[in-house]
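Asks: Residue-level listing of the chains:
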Amino acid sequence: MIVRKMANLSLLVIVVIITALAFDFTNGFHDTANAMATSIATGALRPKLAVLISGVLNLAGAFLSTKVAQTISSGIVNDKLATPAIIFAGLVGAILWNLATWLLGLPSSSSHALFGGLIGAVWVGAGMNGVHFDQVISKILLPAVASPIVAGIAAMIATYLAYRISRRAREGPVTSGFRHGQTISASLVSLAHGTNDAQKTMGVITLTLISTGALAAGSAPPFWVIVAAGLAIGLGTYAGGWRIIRTMGNRLTDIAPPQGFAAEASSTAVILSSANLGFALSTTHVVAGSVLGTGLGRRLAEVRWSVAGQMALAWLLTLPAAATVGALAAAVAVRGTLGVVVIGLIALAVAVAIYAISRREPVTATNVNDLPPIGAQREALGTAA
Amino acid sequence: MHIDWASVGQVAVVSIGVAAGVVVIFTLGVVALSRRETDIERGDHGALALTGAALCFAACAAVVLYGIYLIVPQLHH
Chain A
1 MIVRKMANLS LLVIVVIITA LAFDFTNGFH DTANAMATSI ATGALRPKLA VLISGVLNLA
61 GAFLSTKVAQ TISSGIVNDK LATPAIIFAG LVGAILWNLA TWLLGLPSSS SHALFGGLIG
121 AVWVGAGMNG VHFDQVISKI LLPAVASPIV AGIAAMIATY LAYRISRRAR EGPVTSGFRH
181 GQTISASLVS LAHGTNDAQK TMGVITLTLI STGALAAGSA PPFWVIVAAG LAIGLGTYAG
241 GWRIIRTMGN RLTDIAPPQG FAAEASSTAV ILSSANLGFA LSTTHVVAGS VLGTGLGRRL
301 AEVRWSVAGQ MALAWLLTLP AAATVGALAA AVAVRGTLGV VVIGLIALAV AVAIYAISRR
361 EPVTATNVND LPPIGAQREA LGTAA
Chain B
1 MHIDWASVGQ VAVVSIGVAA GVVVIFTLGV VALSRRETDI ERGDHGALAL TGAALCFAAC
61 AAVVLYGIYL IVPQLHH
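Chains A and B supply the protein sequences, listed in that same order. Okay, so the first sequence: first residue is 1 according to the numbering used here, each after it adds one. Okay, so the second sequence: first residue is 1 according to the numbering used here, each after it adds one.
Just chain A, with the same shape it has in the complex:
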């Protein structure tokens, strides 16, 4: 049945669907760190088991909620102006930025990359009026600044209290107790992530199908779209963005089990309370804020501000960088099918090149917790920046 439906679609729409699923996959592995980095760093979960749990919960989350899947960008661009070629160009911008930041091991927001790509593509493809800049400030910039600060303060206070209360307790029960707590808090983050992020891809595919008349206006995502989007993000999560997991779990600060639990509890509290009040925020920003906060909350724990600074720079650049790539791609893609094919081939070539570079110094489930000595780290950071 899927095949029969696909047969009626134009080549362009099929390319958009495949590109959207590719973005969803990068979204998955980019964000594995958000739920699992601290659990992997403290040894609460073995790396392979952690990404398996997170992948399954992301897949489950995709089926639980499709309520925001009716919009591409939550009002940041005018969805009516987004033709398949423009959506394609926006997705290319988002994917390439996600791959570049993954190569550098920098946790950056996949949502910002998607919004950035779409903003650039709509701006060039349909004009500046298609971008709602007031929404950019209230829905993107404000949460990006406020959420890591709130999560950081929460984690700092929680960490301080956890150490204060347990300072005379035995080490055995403390370590194992907090490790068990972490597996639960990390699972909650994964589930919440699945209910949020898979829907973005569903929205992109569904609105593309509506724009070409394959679906009636206002349709909910078809079942095969939900399955495909859930599988793409679940498999991406399972693939594990080990480079980013290493940064979040080991390079920002050193995390002991009580800190991991305090950080994850804080992240979960921020994500759930803001979702409940209608704020769309990036799990990446929340978790990074919590990790830094927990580093500060424990006396003598070291926060590596150079790594935090690079991460903050990546956050600032995410939207404009993805927008620039999206705009360039849109300038070519809107010229017709040939333009789309050219951009598709260029994007594929860049993706393969980034993957090839990553193989020179691979980070995997087996070496994610082995950090090179500080000197070697500095050197790596120097070339990365």
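For the record, the hints were derived by calculation from the structure and aren't laboratory data. On a predicted model such as this, the values are computed, not experimentally measured, just so you know.
Listed next, the stretches of chain A that the computed footprint assigns to chain B, with coverage defined by at least 3 CB atoms under 8 angstroms from CB atoms of chain B:
no., stretch
1, 140-150
2, 154-166
3, 257-264
4, 267-273
Backbone N, C-alpha and C fix where the C-beta goes; we use that ideal spot for every residue, glycine too.
Using the hints provided, position chain B relative to the given structure of chain A.
Replies: Just chain B now, kept in the frame of chain A:
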């Protein structure tokens, strides 16, 4: 452009309060487990400490269930 600062403040207060509350209760549970080990070594049965730990973890479990309730839309629509 309208920014709802009251909601931003509400998210901040609720998140910080819930995070600190859950972590404190969980830590008390862990401390009670540690106390139970000490009690048992001293020849005590440690039942009081175990009960305290169970109460703390039960409270945390209730918060987790509420979290799942918030995540899964089918439960609250």
